[in-house]
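Since each chain sits alone in its own frame, please combine them into the complex, following the hints.
The chain contents come next:
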Amino acid sequence: MAALFQAPTAFSSSNSLDSNKFNHSPSPRSLSERKSSILTVRSDARSNPLLNSAAHKPHRFITNAVATKPDTSLASTSSKPGHELLLFEALREGLEEEMERDPRVCVMGEDVGHYGGSYKVTKGLATKFGDLRVLDTPIAENSFTGMGIGAAMTGLRPIIEGMNMGFLLLAFNQISNNCGMLHYTSGGQFKIPVVIRGPGGVGRQLGAEHSQRLESYFQSIPGIQMVACSTPYNAKGLMKAAIRSENPVILFEHVLLYNLKDRIPDEEYVLSLEEAEMVRPGEHVTILTYSRMRYHVMQAAKTLVNKGYDPEVIDIRSLKPFDLHTIGKSVKKTHRVLIVEECMRTGGIGASLTAAITENFNDDLDAPIVCLSSQDVPTPYAGTLEEWTVVQPAQIVTAVEQLCQ
Amino acid sequence: MRFISESSQERIPCYRVLDDDGQPLANNFVQVSEDVAVRMYNNMVTLQIMDTIFYEVQRQGRISFYATTIGEEAINIASAAALTMDDVIFPQYREPGPLLWRGFTLQEIANQCFSNKYDNGKGRQMPIHYGSNKHNYFTVASTVATQIPHAVGAAYSIKMDKKDACSITYFGDGGSSEGDFHAALNFAAVMEAPVIFLCRNNGWAISTPTSDQFRSDGVVVKGQAYGVCSIRVDGNDALAIYSAVQAAREMAINEERPVLIEALTYRVGHHSTSDDSTKYRPTNEIEWWRLARDPVARFRKWIERNGWWNDMAESELRNSLRQELLHSIQVAENLEKPPIADIFNDVYDVPPSSLREQEQWVKDTVKNHPLDYPENISA
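Note that the protein sequences, when read in sequence, are chains D and U.
Reminder that position 40 of the first sequence reads as 39 in numbering that gives the first Met the number 0, one-by-one numbering, no gaps.
Reminder that position 288 of the second sequence reads as 287 in numbering that gives the first Met the number 0, one-by-one numbering, no gaps.
Mixed in with the good hints there might be a few duds.
[To be verified] Taking lysine-lysine pairs in the BS3-like style, the calculated list, with each CA pair at most 27 Å apart, reads:
1. D:K301 - D:K328
2. U:K158 - D:K122
3. U:K362 - U:K336
4. D:K190 - U:K161
5. D:K306 - D:K331
6. U:K162 - D:K127
7. U:K300 - D:K190
8. D:K190 - U:K116
9. U:K162 - D:K190
10. U:K162 - U:K133
11. U:K116 - U:K362
12. U:K336 - D:K127
13. U:K300 - U:K278
14. U:K336 - U:K133
15. D:K301 - D:K331
16. U:K336 - D:K190
17. U:K336 - U:K366
18. D:K332 - D:K306
19. U:K161 - D:K127
20. U:K158 - U:K133
21. U:K133 - D:K190
22. U:K133 - U:K161
23. U:K116 - U:K336
[As the list claims (entries may be wrong)] Just so you have them, the derived chain U footprint on chain D, three or more residues with Cβ under 8 Å:
24. 114-120
25. 150-159
26. 184-195
27. 219-231
28. 386-396
Read the hints as simulated data drawn from the structure, not as lab findings.
The beta carbon of each residue, even a glycine, is placed where N, CA and C say it ideally should be.
If we strip away everything but chain U, and leave its shape as in the complex, we get (with noise of 0.2 Å):
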């Protein structure tokens, strides 16, 4: 009689490519091209503005919510990188880098944030629930691991029309606690399904760090028990998340079945606007992950080395994406919010006449007392 251990004696190991100096620490990895290197840093350092910008807009009172991405830039657009625009995306909600890969743009960026009436989703969501069918990116929901399942699902239809595509979802470290996560996972296993389960361990799921969240090795043993293969990844290393998500991919589609990738990683910036993680955390340890451990400037080290990237086109980007960036936000604050139909379309395909009745009797109240509503609505 013998009881296997709750964990093993070694921590699995974590998969790396550059080490903290941007220096290859050996040759088992995806060669990336100039090109390729070149947009994924453009990316990544757009992905950092962007969020430091729209942060201080909310800070600014000028859009109600935002929640950053400060530190995960190599996992959000590396893994992006190494899919094709055929594979399809359901994020949680700290994933836009594929978006911006894809195309997204900043200004598409900005007008859902601001909800006026260009935002793909029509102002229905929350700042950062973007979403995009042109992209093959799931409207973000705020429901935490809701969307592991919809993966699943996904990656069944598209095992049904034997597309050459997988799906992947994205969750953190607190998602895999909920039970959607557990569920999918079983599914994905039983049914052999082309899906990626990527999860971001940054660490912490709003105030709490993950020796509160689970008591296995992280979430990478979770993929042995219900018989998914799976890896765990150095999440700031890009090169790293690059193979790893190309390689997971490959298997995913051409042996059908599910993998389960951990990248480790630190959420450097707060939850979200309605968090101040220094209540919970150490100041210190936030500043270091920042500076000491950022994945933007580990990758620059290794591209500059390679002699695709310097000083000079590293200020041109910045303040290029600066100038468009606050271009963007000028135009998005300005722009009208969606018309009142938009909050009775698209509940069903036809609205029903019990809705298109209290569409009437809202437009009929803002006709009527104008001065308690405000100008930039059209009705």
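One chain only, chain D, in its complex shape (with noise of 0.2 Å):
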């Protein structure tokens, strides 16, 4: 990993009090004149709006600004399509689209009813669907896992949620012998379309136990498939994926995402659970990324471009299938990979991003892929020592100065 430092800017990603002055997030007036810009990146020419708004949080707890795009677009703020709402307003809203259009999809979870969810992705549902539909378990995650698989294998199309991504190791046994696996073991003849969400991720000192990469333990489970959202556009769009897939998904939310502003289209969209998003094209080196990462990653470009660099940023967004068609179109033209994850570097997403990449791309490749991801140790408490178990900015910066020598 490269030399870790700390970034005197107003970027700094620290949590103690002292760097409340450096906290860069905006007055609320000025959040809303942001605009985003819609660029066209698609090789199908879907456009994709790209996350330039700073993160605002109404809590304490202030995420890191996120790095500004050029405003390149011409429109103003008041005649912009779509409309603006947080991450989790956003997974909502593809929830309710998707409860209303089809009855057969429920809700189960901890506290996912009355109290609308530890992180409010289903505030207001249990009153428009009802208990039943909306269902407040007991507190047994491999319990109710497994009877959203039940509900599933007789027509329901249920999306489980864990409270937290780390509780649902209890339900390590229903979710790789059972779910994955029932549709292939009874011979396709019962099926286990469900959703499994919520949020994982190294948050603000929440301690070792709530601050798991779930998607280093599932990725190996052959039989369901995983994404990860980053951004309220992506959240909502994948999030209406994941449950009209016949097959099993887990959808890994960032505790850290959840308020997140963006402006979304007012028309329905479904995004493809096999995709990769990119977030900024470039020639020099490809980043690879997701989730809370993107972020970092992003702030890092900041830096980079005016180093005169052009990293071309890919948020992968698929983790289990790799879209290999998106991230190899990025390989053999930039020659050069990093990969930037939150999981810990044994075993993690990047371990095995870094094996398909060269098992497939090696001849495209200038020099080894480097990966930065978090150290092999549980995350600590304290605020200082959290932050150096996390990628950051900075290690980014130099490791694609090191890349690109």
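And the structure:
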């Protein structure tokens, strides 16, 4: 891993009280004036709004400010299409639309009913759809996951919420041995169209047990798909896609991204579960990332651009299977790959991705793949220690500089 | 200040209809017509013979694994007879009886055990891991007790659809120790789900006797801990099982509540073909249960006394079953195994490119080294 140092800039991620004066979060009025530019970046001409609004959390925990893209749009805010909302609201919107569309869709989890969920993703849904469709369960992850599987096999489409992804370790047996396998072992007779979702990742001093990266553990399970959302736009689109999928899908959300605000289209849209998202096209190096690390990467990208580099940033989104088509195209263009993840070094998504790229695109690489991950330690509680276990923008900058020598 | 004792003075009584000699003890049972009774008996005998022959087939090395249901035929068949085809079944692995009752053929059983291309499960599961959506019987998984919360989920689904049906799940005394059992009962009670929990307390979890499994008065008392009504039944008494399950079904559906039934029985066979139970329990105990407490013989006495059965019918049945079984086995054994593509299908709804690549690699390998691979597999 690259050398670690505290960046003394306004984009410091330290949570200590001293750094509040470095907090770059804008006032509410200026936030609404921020424009999001719509760029057509996909080869199939589908447009993705790039997230460039600063993250503003009304709580005492402030997320990193995110690198601001130069404003290329000509329209003013007032005539912008779509509506603004926070990421957790986008998830809820997607969920609500699917529940309206299909009466078989239901939600189960702890405190999802009238409490609205620990991160308010299901707020208001119990009142609207009733207690049976938005079911509060007792505390037994193995069992309500099993229940969801049984309900799915008999025709419902449950969304199972883990209050924190880490709690789903208790449900590993059901997820691996039953959810992933029963369609296969039953000879295709019973399908399990469940969505398992919840917040994961390293938060702000939530302690080791609440800072897990479960995508590492689940990635080997055959029969499941995994996606990670990172913006309100892809959160809603992936939620809808996951619900409509006939396969069991695990949707990874991040604790620190729920209050990201962005503008999303009014019209209905569903994203593809297996596609990666081109965040910033470039020529010099391919940076592959997902979830919260996307924002650290974009922050680093701003610094890199100032230093004359042109990084291509891809949010891989689909953790299982990897979108090797998009990734491959990028590798063939830049010949250099940097993976930035929050998983631990051993056995993380980055490790698998490194292997997949090396196997498939070895001839296109001019340098070994560099993977920046968290260390193989439980996440410590102390703020400074916790910060050092997560890859920071400065390390990303250094890694790119070294990679591009 | 008064501590509640860990157990009550008396054990929970056991509901019984027929005594060991097949005589009704009283008239408090659901009457069974001649048709149903004879059909029940036929199925119990089928199960018994099927188990005996398949066990031998495994011993001969022709299938890799088998687990018998000997001694538990009454639970298997009588419970199924008291349900309808709409009730969904979540088995552990010692309940092929309900499948037989619902029309799964011996040939289909053989196909699954031999993992040939006509197996419902496409050759993906071990023998005795049957599953058939047509018969509302969910595929057996080797994991213990994971099916119990599935049954609750299914009951939840049935309740949402307001169907006239319930779900039923079977598990053993050992399975009741798993976390899934406790949470599922709790859930079902809280959610008022129409599910029947049927515990086959057969005394043994492989080599662990119930005295090492729990210290409560069996499994029936656990119902009350979760707010679930429960009953203890003589599991070797087909009429008792039939009555209890039928009553439980009505309660579950009409009153929207779960019911726990503990059926006391004995696992006459070994845990499976990988086990030799004489190593941990006395042979005379096994023999006593096999002969003196055989549920099939007990029910036979009752139907014979009613004039619905006789020796000739018995020997005809057993002979024809044997023939049918041996024939099914022979057919199943000689059928082709599933194709290589079935290794990769059904993992997802549509195979992703990575799996298609892996499939191609396997096919190429088999093609290039045909002598290293069995012949009865199609590419």
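Going down the list of hints, with the structure as the test:
1. D:K301 - D:K328: The hint holds at about 23 Å.
2. U:K158 - D:K122: Holds, at about 24 Å.
3. U:K362 - U:K336: Within the cut-off at roughly 15 Å; holds.
4. D:K190 - U:K161: Cα-Cα ~21 Å, so holds.
5. D:K306 - D:K331: 23 Å, holds
6. U:K162 - D:K127: Given that 27 Å is the threshold and the Cα spacing comes to 23 Å, the pair holds.
7. U:K300 - D:K190: 44 Å, violated
8. D:K190 - U:K116: 20 Å, holds
9. U:K162 - D:K190: Distance of about 20 Å is within 27 Å: holds.
10. U:K162 - U:K133: Within the cut-off at roughly 17 Å; holds.
11. U:K116 - U:K362: Holds. K116 (chain U) to K362 (chain U) sits at ~17 Å (cutoff 27 Å).
12. U:K336 - D:K127: 51 Å, violated
13. U:K300 - U:K278: 33 Å, violated
14. U:K336 - U:K133: 22 Å, holds
15. D:K301 - D:K331: Within the cut-off at roughly 23 Å; holds.
16. U:K336 - D:K190: The hint holds at about 23 Å.
17. U:K336 - U:K366: 16 Å, holds
18. D:K332 - D:K306: 21 Å, holds
19. U:K161 - D:K127: Holds. K161 (chain U) to K127 (chain D) sits at ~20 Å (cutoff 27 Å).
20. U:K158 - U:K133: Measuring from Cα to Cα gives roughly 21 Å; hence the hint holds.
21. U:K133 - D:K190: 14 Å, holds
22. U:K133 - U:K161: 21 Å, holds
23. U:K116 - U:K336: Satisfied, since the Cα-Cα distance of roughly 5 Å is no more than 27 Å.
24. 114-120: violated (count 0)
25. 150-159: holds (count 7)
26. 184-195: The restraint on the segment 184-195 of chain D holds, since 7 of its residues have a Cβ under 8 Å from chain U and three suffice.
27. 219-231: holds (count 3)
28. 386-396: violated (count 0)
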